[in-house]
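There are 2 protein chains.
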Amino acid sequence: MNRKQLFKAIKLKRSFLCVGLDSDINKIPKHLLSYEDPIFEFNRQIIDSTHKYTVAYKPNLAFYESMGASGWVSLGKTVEHIRKVSPEVIIIADAKRGDIGNTSALYAKTFFETYDFDAVTLAPYMGLDTVSPFLNYDNKWSIILALTSNKSASDFQYIRDNNNTALYENVLKTAQDWGNTDQIMFVVGATKAEALSEIREIAPDNFLLVPGIGAQGGNLQEVAKYGMNDHCGLLVNSSRGIIYASSESDFAMVAESKTKELQIEMEKYLKEAKLI
Amino acid sequence: MNRKQLFKAIKLKRSFLCVGLDSDINKIPKHLLSYEDPIFEFNRQIIDSTHKYTVAYKPNLAFYESMGASGWVSLGKTVEHIRKVSPEVIIIADAKRGDIGNTSALYAKTFFETYDFDAVTLAPYMGLDTVSPFLNYDNKWSIILALTSNKSASDFQYIRDNNNTALYENVLKTAQDWGNTDQIMFVVGATKAEALSEIREIAPDNFLLVPGIGAQGGNLQEVAKYGMNDHCGLLVNSSRGIIYASSESDFAMVAESKTKELQIEMEKYLKEAKLI
Numbered sequence: 001m002n003r004k005q006l007f008k009a010i011k012l013k014r015s016f017l018c019v020g021l022d023s024d025i026n027k028i029p030k031h032l033l034s035y036e037d038p039i040f041e042f043n044r045q046i047i048d049s050t051h052k053y054t055v056a057y058k059p060n061l062a063f064y065e066s067m068g069a070s071g072w073v074s075l076g077k078t079v080e081h082i083r084k085v086s087p088e089v090i091i092i093a094d095a096k097r098g099d100i101g102n103t104s105a106l107y108a109k110t111f112f113e114t115y116d117f118d119a120v121t122l123a124p125y126m127g128l129d130t131v132s133p134f135l136n137y138d139n140k141w142s143i144i145l146a147l148t149s150n151k152s153a154s155d156f157q158y159i160r161d162n163n164n165t166a167l168y169e170n171v172l173k174t175a176q177d178w179g180n181t182d183q184i185m186f187v188v189g190a191t192k193a194e195a196l197s198e199i200r201e202i203a204p205d206n207f208l209l210v211p212g213i214g215a216q217g218g219n220l221q222e223v224a225k226y227g228m229n230d231h232c233g234l235l236v237n238s239s240r241g242i243i244y245a246s247s248e249s250d251f252a253m254v255a256e257s258k259t260k261e262l263q264i265e266m267e268k269y270l271k272e273a274k275l276i
Numbered sequence: 001m002n003r004k005q006l007f008k009a010i011k012l013k014r015s016f017l018c019v020g021l022d023s024d025i026n027k028i029p030k031h032l033l034s035y036e037d038p039i040f041e042f043n044r045q046i047i048d049s050t051h052k053y054t055v056a057y058k059p060n061l062a063f064y065e066s067m068g069a070s071g072w073v074s075l076g077k078t079v080e081h082i083r084k085v086s087p088e089v090i091i092i093a094d095a096k097r098g099d100i101g102n103t104s105a106l107y108a109k110t111f112f113e114t115y116d117f118d119a120v121t122l123a124p125y126m127g128l129d130t131v132s133p134f135l136n137y138d139n140k141w142s143i144i145l146a147l148t149s150n151k152s153a154s155d156f157q158y159i160r161d162n163n164n165t166a167l168y169e170n171v172l173k174t175a176q177d178w179g180n181t182d183q184i185m186f187v188v189g190a191t192k193a194e195a196l197s198e199i200r201e202i203a204p205d206n207f208l209l210v211p212g213i214g215a216q217g218g219n220l221q222e223v224a225k226y227g228m229n230d231h232c233g234l235l236v237n238s239s240r241g242i243i244y245a246s247s248e249s250d251f252a253m254v255a256e257s258k259t260k261e262l263q264i265e266m267e268k269y270l271k272e273a274k275l276i
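Residue numbers (the working numbering), protein chains in the order written: chain B, 1 to 276; chain F, 1 to 276.
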């Protein structure tokens with residue numbers, strides 16, 4: 001999937017919503033535990049009820065890994081199911097991998113061959129060597145951590161160099177040249193919505209994956225105001241606010257209504273920007 | 001395992017060698033492919049033939065993940081086997097994870113509960129939030145990327161701040177205060193042996209995991225000269241130079257002799273430093 005196709009999906013769905021599949025065996029509704037694969041059953045019902053309003057799904061790898069091999073089986077079935085019911089969405093592995101050489105090449109193989117993801121989140125600390133094996137795949141994306149919304153982001157991301165450029169700005173400047181705008185996205189935390197206009201000066205054309213709407217307290221209107229570009233350029237993620245909106249047997253229906261609410265708000269911003 | 005116990009293992013084995021289990025289905029001897037779990041069988045024979053000379057094993061997660069769920073089964077069996085045949089060694093998950101909050105807590109659960117690792121490599125980009133869930137486990141280690149030996153390490157790790165401190169130095173300074181020297185190690189690439197003396201000024205007491213002896217071209221003598229402290233303070237890794245020294249049916253025997261060679265050299269440096 002390239003940038004044009006992603007924008008087409010956004011216009012079709014009238015949404016730039018990414019649903020984060022942070023699927024936790026301890027949090028899913030209890031009645032699902034009688035299924036052979038409760039995590040897949042949870043994901044399947046969430047996907048079936050939300051995909052009309054969604055352009056992206058983002059399984060968070062830690063949730064699957066923590067279950068051992070069976071978690072990876074649930075993950076694989078989830079990716080296949082998304083592909084089947086909604087072929088136009090982008091499927092993101094939120095894995096935050098970051099290694100080099102043949103190790104990095106095997107991470108790329110994991111997510112682009114063993115599993116059928118379109119995109120992977122990557123950590124920039126080791127530089128281009130982390131990302132280059134991922135760039136060898138056509139129509140796949142590397143989503144690089146730039147500015148995160150957690151408290152300790154300031155430990156290193158805000159350190160300014162001799163030119164008064166913060167580390168996260170150096171990441172944006174350097175990493176956008178590693179590939180084209182069909183290949184490179186950035187993670188930018190939503191609690192820093194005002195920082196988005198400055199980020200757009202550095203990286204006007206790249207898609208931004210913005211986590212943190214909902215449980216982490218981001219403001220969708222601000223994100224749209226400061227972050228949108230002529231291809232929309234935003235994927236805004238919500239995880240817990242959708243998938244755990246109800247812990248009862250109506251969870252899929254409640255997830256649908258939460259997703260639809262966000263889609264309606266997103267449609268408004270897309271119209272205001274004259275993108276649809 | 002704490003620092004004292006690790007030093008005890010080093011004195012017992014007269015070695016500070018870590019064997020990297022970068023076990024690749026395409027590189028292991030062909031006769032192993034008839035086994036039900038070829039990767040485990042390869043690891044088992046490597047472990048059985050090398051553990052006398054070794055204080056650490058480091059499975060590289062990418063190699064296991066790229067095989068999907070079955071790779072995680074091989075990984076789990078490998079960890080159990082190491083624990084059984086050589087309970088005094090430290091088992092390191094070379095995973096380079098880096099996330100925050102409940103996601104990071106689930107990565108800690110993966111490696112310290114679902115699997116029985118002693119230590120995990122972690123990326124520092126998101127700051128303390130990445131590491132803190134790992135610190136909640138007693139007798140477990142967080143091994144934080146500081147200075148890596150790859151070419152593009154210079155993309156960000158060498159960026160100097162207003163005080164002329166490089167990013168990797170800021171990581172060493174900041175992260176050593178996140179936990180004590182029983183909890184925090186650093187990854188320092190071996191191709192920068194001369195940088196080790198400067199690193200020892202910043203972090204005199206932390207253990208350093210030094211990859212890159214062998215295939216990546218590090219020099220063991222230099223590493224020992226500049227990096228050793230009064231607890232040895234070094235785990236020096238070799239992967240391909242040991243496990244792929246032969247691709248024939250004698251691979252385990254050849255791995256043993258390569259490991260023994262390194263152990264003998266390490267014993268010399270430990271004696272010269274009057275640590276044994």
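There could be a bad hint or two in this list.
The list cannot tell twin chains apart, which means a pair is met if one copy fits it or any two copies do.
[As the list claims (entries may be wrong)] Computed cross-link-like contacts, DSBU-like style, restricted to lysine-lysine with a CA-CA straight-line distance of at most 30 angstroms:
#1 K11 - K30
#2 K109 - K30
#3 K151 - K11
#4 K27 - K274
#5 K225 - K27
#6 K77 - K27
#7 K271 - K30
#8 K151 - K109
Don't read these hints as lab results, they were simulated from the structure.
Practice item. Just pull the numbers of the violated hints for me, sorted ascending. Key: Hints 1, 3, 4, 5, 7 contradicted; others consistent.
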